[in-house]
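Put together the whole structure using the sequences plus the hints.
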Amino acid sequence: MLFVFLFLPANLLSQLLLKSPKAKNIAMLAFSLVFYSWAGPRYLLLLLGMVLICWVGALLIQMWEGSPARKICLWATVGLCLVILGIFKYTGFLLGNVQSLFGVPKVIPQIVLPIGISFYTFQLISYVVDVYRGEVKAQSRYWLLLLYASLFHQCIAGPIVRYKDVYRDIIRRRTKSEEVSAGISRFTIGLAKKAVLANGCAVIADQLLVSDASALAAVPAMGMLLGAAAFTLQIYLDFSAYSDMAIGMGLMCGLHYRENFDYPYMSGSITEFWRRWHISLSSFFRDYVYIPLGGSRCGTGRQLLNLFVVWFLTGMWHGASWNFILWGLYFGVLLAVERFVLGKDGQRFLPQVLRHGGVLILVTFSWMIFKFTDLSLLGTAVKGLFGMNHNGFSSATVSLLFKNNLFFLLLCCAAATPLGKWLRGKLRKLSERGELFYIVNGVWEVVHPVLLLLLSAMALVGDSYNPFLYFQF
Amino acid sequence: MFDRERQNSILRLMKAVAFALAMVILGGAGLVWPRPDTSVVEKRKLTQFPSFSFASLWDGTFFSGIDTWYADTYPMREDLIAAQQEMEEHYGLRGTQMIGGTVADAIPTGDEADGAGGDEAEAGAEPTATPEPTATPLPDGTVHEIGEFVPGGIYITGGSAYGGYYFSQNGADSYINTMNQIYENIGDKVTMYVMDVPISASVMLDETVWADMGCSDEGAAIEYIAGKLDPGIKPILVYDTLREHNAEYIYFRTDHHWTALGAYYAYRVFCGMKGWTPHELDQFEMKTFAPDRFLGSYYTTSNKSSQLTSHPDTVYAWVPMATNDMQTIMQDGITYDWPIINDWFEYDDNNTYCIFAAADQPFSHIHNDTITDGSAIMVVKDSYGNSFIPWLVDHYEDIYWVDYRYTNNTVSELVEKYGVQEVIFEAATSLATGGSCNGYFASVGV
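Chains A and B supply the protein sequences, listed in that same order. Take 7 as the starting number for the first sequence in this note's numbering and just add one per residue. Take 836 as the starting number for the second sequence in this note's numbering and just add one per residue.
Think of the hints as simulated: they come from the structure by calculation, not from any bench. Careful: at least some of the hints might be erroneous.
[Unchecked claim] Derived lysine to any residue pairs resembling SDA-like cross-links, with alpha carbons at most 25 Å apart:
(1) A:K112 / A:F99
(2) A:K25 / B:M922
(3) A:K182 / B:E923
(4) A:K182 / B:A855
(5) A:K30 / B:V852
(6) A:K409 / B:T1043
(7) A:K30 / B:V859
(8) A:K427 / B:Y926
(9) A:K409 / B:F1198
(10) B:K1139 / A:G431
(11) A:K435 / B:Q920
(12) A:K25 / A:L150
(13) A:K427 / B:V859
(14) A:K409 / B:D1195
(15) A:K182 / B:N843
(16) A:K182 / B:L848
(17) A:K30 / B:S844
(18) B:K1139 / A:F413
(19) A:K182 / B:V852
(20) A:K25 / B:S844
(21) A:K389 / B:D1047
(22) A:K427 / B:A851
(23) A:K25 / B:L856
(24) A:K409 / B:V859
(25) A:K427 / B:A855
(26) A:K427 / B:E840
(27) A:K432 / B:T1043
(28) A:K435 / B:D838
(29) A:K30 / A:D175
(30) A:K143 / A:L35
(31) A:K389 / A:L368
(32) A:K409 / B:Q920
(33) A:K350 / A:M272
(34) A:K435 / B:Y926
(35) A:K409 / B:D1047
(36) B:K1139 / A:V209
(37) A:K25 / B:Q920
Since we're looking at a predicted model, the values are computed, not measured.
Here you go:
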């Protein structure tokens, strides 16, 4: 609430009133640092420190052009970033596993995960590597690199923005009215997607995919399926909503972020799914891990190894828990089967409908793995999905819950498809043909952001349940 | 012909202005307009602006406190929530809705029950609930249809809300042990009764309906508890009687309490145990409060369900014949003279159940001048007891009661101080076996 209705308007006003890019950037940095400090200024020091490491590292890499020292500097900088990320994110997990195996250490330190550390660490790593590769020049001004890493639009929830994609925008900001208009639409759509749709799905999913073992075991198969479907919708609507808002806010300020989602649930294969889901993360692993490891230009064994390294890391990135590693490896196996067993011909053999259905089933199942960090709960949930908890196929509770939210779930399904985009495109085309449609389109363009803001305000007020799923990453 | 590009520019400008205005209005409202500090509907104080400290600033709790304060006290909050609820009414086929509830334990029966909990008790070896003889079969008011269930484990159908009961083995055994322990403390001084009041779904709904909803058989739970109580404790078993009368207005539609009429049937069961002839309803003066205006706790919990909005309750009360005067020490520690059936203080419609026996206070007392036999009873109760106490007035010289959630007194000291001969422990079964009131009972029962 505070962010949407006070912080953001103040930020947009500053960007509107200030004329020079430098002034805009100083204001944007100030806003971003305040935003990041909101969860406690202590994490800000970490962000400042990591940016400092990468700023110095990249400058040295650039300075030592042609020298072997630059490679050492690259590894040292990237390694330091990963060590810091590892300390904050994985210490508890690693020590917990050591403790369960060897009984030591007695006490596991409780390290709080700084918000957005996974996102900005990867952004900074991509910057350093791109400087090393010569794809971009090192930023000589620390505060501008800090602005890149801390931009509040995407700092804590993605997408993972590459420096090479935005540094021109940062330096030479141009705000076009068409982009501001598109940004307003994109932001309000994202806000409503999060506040109304994703949070609504969360209410349904949380009633069925509960964290109490006996209650979870009591959920019948259809209940588990409904819960899994609701969570599948929730996670997409939630995460893509944040990307929508980031892209929208960026457009309003003259910053262009790449798309992070491309209707992933429309995919006909798992490979395609990962080309459409969290694109900035999958492309990061592709460009900075998979291809440097040799990618697909090597033997089958090595390709398999590369694949599983990438998917192990993808799982790890999502959280310090075995279920995330399992989740990553699950996709590693599916992708390996698609590539090495089915091949392109094997996939084409199946009708389009079956391929879509198959992907949806496999992806929905993956979100069950993703949902339960407690593996025993995961086991109960998976057994429940197949009716192995001996509690029947369905219940009045489940069928009523489904009926109660039928239209809402259909709306959420539609929101996960390009239907809205298609309808908007149609309306725009029609508006070019006649005055009536032009007026209809015009009214819609002016009214829909206000309407979505109001709907979001309604949903946000008093809605204490407002978790953002990707904060833990 | 207008220049289309110019038109588009104007359109984009209008869009930006509309967006900015909406942001300014919605944001400005949060700064300029008065902020509520309490929620009437939710019956709670809203979040206060956090107090500043360097520690809270450093760990982020200060700012997160501001976030919570801003959203929780946003102007027109309740109107916005109501609008949101109105929108959610269209999320699906809401004539049949169910959300919430929990997982119930199986209630031990037969040999299972013998092995569970404390010592075997022969409940009802002495006087037990005496079924009332009825000349003609009572109409069956059981509701058979599947309806709406809203957050908090409430089932709504046909404009009425019903709370579901979920048995907990641990909670029930803990409650039984607490009662037996209390009996050990006071059993030699007083006659101890235990009255477990069922929640509305158990009484009003068809058993297949609440079973489908995953609820427990509350009648069986009450029997299980009665069977495990010390043989010296006398359970007042009201479940069957209430169920026989479920065609009558014995539970509110929009509130979790029974009505005074429901409490009256419990009183008749108690009279049966005592061997008394209960007074008939027409012997009392009946008063009507908030006619078709009372929207109680279920209305709040259901976030103003439209089904309930269109079926508000009326609160009926019967004034004791001997006196309508009582004294109460309220939660502020001050003693007040108060009417038993409060016909002078106008409560907010949503709080009309408070007209009974000064609602939930730490200690209260009624002295009945018309009886001089020295009889004195104490009721240790929750809010269900409020509408039950007035029915006792015409049978005792003195009636004392404490709300176990708010009192600092102990039954032992009160029994001794006031020469009480009988004590009734009254609790809604859902609270009793939910484990939430055992701590209270344990501290008040010493």
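Results of checking the hints against the structure:
| no. | hint | verdict |
| --- | --- | --- |
| 1 | A:K112 / A:F99 | holds, 14 Å |
| 2 | A:K25 / B:M922 | violated, 42 Å |
| 3 | A:K182 / B:E923 | violated, 38 Å |
| 4 | A:K182 / B:A855 | holds, 17 Å |
| 5 | A:K30 / B:V852 | holds, 21 Å |
| 6 | A:K409 / B:T1043 | holds, 20 Å |
| 7 | A:K30 / B:V859 | holds, 21 Å |
| 8 | A:K427 / B:Y926 | holds, 22 Å |
| 9 | A:K409 / B:F1198 | violated, 48 Å |
| 10 | B:K1139 / A:G431 | violated, 39 Å |
| 11 | A:K435 / B:Q920 | violated, 36 Å |
| 12 | A:K25 / A:L150 | holds, 17 Å |
| 13 | A:K427 / B:V859 | violated, 28 Å |
| 14 | A:K409 / B:D1195 | violated, 39 Å |
| 15 | A:K182 / B:N843 | holds, 13 Å |
| 16 | A:K182 / B:L848 | holds, 11 Å |
| 17 | A:K30 / B:S844 | holds, 24 Å |
| 18 | B:K1139 / A:F413 | holds, 21 Å |
| 19 | A:K182 / B:V852 | holds, 15 Å |
| 20 | A:K25 / B:S844 | holds, 21 Å |
| 21 | A:K389 / B:D1047 | holds, 22 Å |
| 22 | A:K427 / B:A851 | holds, 21 Å |
| 23 | A:K25 / B:L856 | holds, 22 Å |
| 24 | A:K409 / B:V859 | violated, 38 Å |
| 25 | A:K427 / B:A855 | holds, 24 Å |
| 26 | A:K427 / B:E840 | holds, 23 Å |
| 27 | A:K432 / B:T1043 | violated, 51 Å |
| 28 | A:K435 / B:D838 | holds, 17 Å |
| 29 | A:K30 / A:D175 | holds, 11 Å |
| 30 | A:K143 / A:L35 | holds, 21 Å |
| 31 | A:K389 / A:L368 | holds, 16 Å |
| 32 | A:K409 / B:Q920 | holds, 17 Å |
| 33 | A:K350 / A:M272 | holds, 18 Å |
| 34 | A:K435 / B:Y926 | violated, 31 Å |
| 35 | A:K409 / B:D1047 | holds, 16 Å |
| 36 | B:K1139 / A:V209 | holds, 18 Å |
| 37 | A:K25 / B:Q920 | violated, 44 Å |
In the structure shown, a violation is registered for the earlier hints numbered 2, 3, 9, 10, 11, 13, 14, 24, 27, 34, 37, in ascending order.
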